[in-house]
Amino acid sequence: MSDLVLVDRNGPVTTVVINRPEARNAVNGPTAAALYSAFEQFDRDDAAAVAVLCGNGGTFAPGPI
Numbered sequence: 001m002s003d004l005v006l007v008d009r010n011g012p013v014t015t016v017v018i019n020r021p022e023a024r025n026a027v028n029g030p031t032a033a034a035l036y037s038a039f040e041q042f043d044r045d046d047a048a049a050v051a052v053l054c055g056n057g058g059t060f061a062p063g064p065i
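Just so you know, we're using UniProt numbering here: the sequence shown kicks off at 1 and counts up by one.
The hints are simulated quantities; they were obtained by calculation from the structure and are not laboratory data.
This one's a predicted model, so the numbers in the text were calculated from it and none came from an experiment.
Mixed in with the good hints there might be a few duds.
Simulated restraints, written as ranges between beta carbons of each label pair [unchecked claim]: (1) A48 - E22: 26 to 34 Å; (2) D46 - A23: 28 to 36 Å; (3) P62 - L6: 15 to 23 Å; (4) T59 - D8: 17 to 25 Å; (5) D46 - P21: 27 to 35 Å; (6) D46 - R24: 29 to 37 Å.
A virtual CB, placed ideally from N, CA and C, is assigned to each residue, including glycine.
Model the full structure from these sequences, guided by the hints.
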């Protein structure tokens, strides 16, 4: 997984963080691919119950660029 998306697992809770604060966490092609991969892994994990999606640096995401 790239540094564009960070994943932290804590028991049944998976936190997925868009890590592009310099771009206000805009989702471009590589970021979308990293998010897809993160949620594929979450979906395959039988112990994972909940995923929280957030952005690094105070902005969630302005949308695609």
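We went through each hint and held it up to the structure:
1. A48 - E22: 26 to 34 Å: 29 Å, holds
2. D46 - A23: 28 to 36 Å: 34 Å, holds
3. P62 - L6: 15 to 23 Å: With Cβ atoms ~19 Å apart, the hint holds.
4. T59 - D8: 17 to 25 Å: 19 Å, holds
5. D46 - P21: 27 to 35 Å: 33 Å, holds
6. D46 - R24: 29 to 37 Å: Given range 29 to 37 Å: holds, Cβ gap about 35 Å.
The structure meets every hint from the earlier list without exception.
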